[in-house]
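Participant: As a plain string of letters, each chain reads:
Protein chains: 2
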Amino acid sequence: MSHLKSYTSRAAQHSNPSARHLLELMDRKKTNLSASVDVTTKAELLRIADECGPYICVLKTHIDIISDFDDDLVTQLIALAEKHEFLIFEDRKFADIGNTVKLQYSSGVHKIASWAHITNAHIIPGEGIVHGLAEVGVPLNRALLLLAEMSSAGSLATGNYTLTALDIARRNRNFCVGFIGQRRLENGEEDFIYMTPGVGLVAKGDGLGQQYRTPRQVVFESGCDVIIVGRGIYGGGNTAENCRLYREAGWNAYLERIAV
Amino acid sequence: MSHLKSYTSRAAQHSNPSARHLLELMDRKKTNLSASVDVTTKAELLRIADECGPYICVLKTHIDIISDFDDDLVTQLIALAEKHEFLIFEDRKFADIGNTVKLQYSSGVHKIASWAHITNAHIIPGEGIVHGLAEVGVPLNRALLLLAEMSSAGSLATGNYTLTALDIARRNRNFCVGFIGQRRLENGEEDFIYMTPGVGLVAKGDGLGQQYRTPRQVVFESGCDVIIVGRGIYGGGNTAENCRLYREAGWNAYLERIAV
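Residue numbers (this note's numbering), protein chains in the order written: chain A, 126 to 385; chain B, 126 to 385.
Treat the hints as calculated values from the structure; they're not laboratory data.
The structure displayed is predicted, hence computed values, not measured ones.
A portion of the hints provided could be inaccurate.
Listed next, the in silico DSS-like pairs over lysine-lysine satisfying Cα-Cα at most 30 Å (straight line) [stated by the list, open to error]:
#, chain 1, residue 1, chain 2, residue 2
1, A, 167, A, 154
2, A, 236, B, 167
3, B, 236, A, 167
4, A, 236, B, 236
5, B, 167, A, 167
6, A, 167, A, 130
7, A, 236, A, 208
Bound-form chain A, shown alone (with noise of 0.2 Å):
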């Protein structure tokens, strides 16, 4: 079962290199912390992400709800996924035909595959996405991760849907690393990356229909691989004690899980 390894020596079972830099640099900084940034201006955005930065592997965007973003936010985010090594990980959630998503990915204001090492992309228009998505992607070494399961009430990635996704992962294995999901999907040696949302120190719901599970209920039970929290890290005012928190909580359920 590959996730009862360490991080690093599953980088090995990846040829991405995106897949491969996260895997060690989460040993290296003994995180599976993302932090999931929802706010609209580039001042908080990059005041979070500095504050985050020591604590975390992956910074999670929504680029696109930034009202004052400019190629300028891009180079100051770079910059800061450099100076406290995190990959960036833009939530897009594509979820179009592979030619529309292509222009998505690579185009308009965002320019979404410049900078982002990391997006991820619904299954529902079928395997074309992934195609276009990869066209952008795979030059750049970017990486993919399929939404296999979402967070939220009634949420119809299920069943089917969900071992679709994973089908279609391992028919695209250069660039689909793994999942947004709330478990792992495979079994035995073949290895793919989980990043799961909805996660809280406390379970509760947020009136829109979000769900949170613990860390140690998505690391050690579910087998997922990265914890994104978002407004439980800096909803609250003390974002670096939050992210201290959280990331205790994830790596203790990590070390608890390969030490089985």
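With the hints as your guide, set chain B onto chain A.
Facilitator: Below, chain B alone, put in the same frame as chain A:
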């Protein structure tokens, strides 16, 4: 069967202002054609929108592929929509949880809700996505289409997934005015508006999974309301002449349908 009536007479069934406006202007302009303009510069988008304007009821945009997007583009698009009387449909395919889509719809560089009369969403995250978007869109009299089916090969929007879209739309009628789909889902007197992509004068594919059906198949046989045509209109050069051909094909299919 609501779709056997004229667009104008169906307008009374809709409480949503954008839906009513659309149905009325379709009969007035004698068009059920939507131009889908997937270009990457402001100048091209404005030029094609102005050329298509007299022939279309809806201009479908992917604003996030325009590399030189600015607020002036929005100002000019709105002016063209008023000059030619068409609605603007930003084909954003929202696909995140309620709290996130609220921000993506209202904020960021693009501020979609401030100018797009219509947008669309996947139901994969569950009904919370509609509630999140409605918090932004309903006060602005905007309308939402749910993706019930897709025209791409291997689409997973089929069977129970499609029927769930219908259920969600029925529970959110003030905002969900219809669907992106390939065929009418409801029977009887309730009324939804169906817009259908993947329409060509000849049936073929694009090599990235897109599949095409003719206007008559879509409007007469499958009971859909608006044909969405992209590369078939502006790909070959003579945009106005292509618009005329598609408008005529779509309109004749509609006249044939309401004459039944």
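Participant: Now tell me, hint by hint, if it's right for this structure.
Facilitator: Results for each hint:
{"no.": "1", "hint": "A:167 - A:154", "result": "holds (26 Å)"}
{"no.": "2", "hint": "A:236 - B:167", "result": "holds (16 Å)"}
{"no.": "3", "hint": "B:236 - A:167", "result": "holds (16 Å)"}
{"no.": "4", "hint": "A:236 - B:236", "result": "holds (18 Å)"}
{"no.": "5", "hint": "B:167 - A:167", "result": "holds (24 Å)"}
{"no.": "6", "hint": "A:167 - A:130", "result": "violated (38 Å)"}
{"no.": "7", "hint": "A:236 - A:208", "result": "holds (22 Å)"}
In summary, the one numbered hint that this structure violates is 6.
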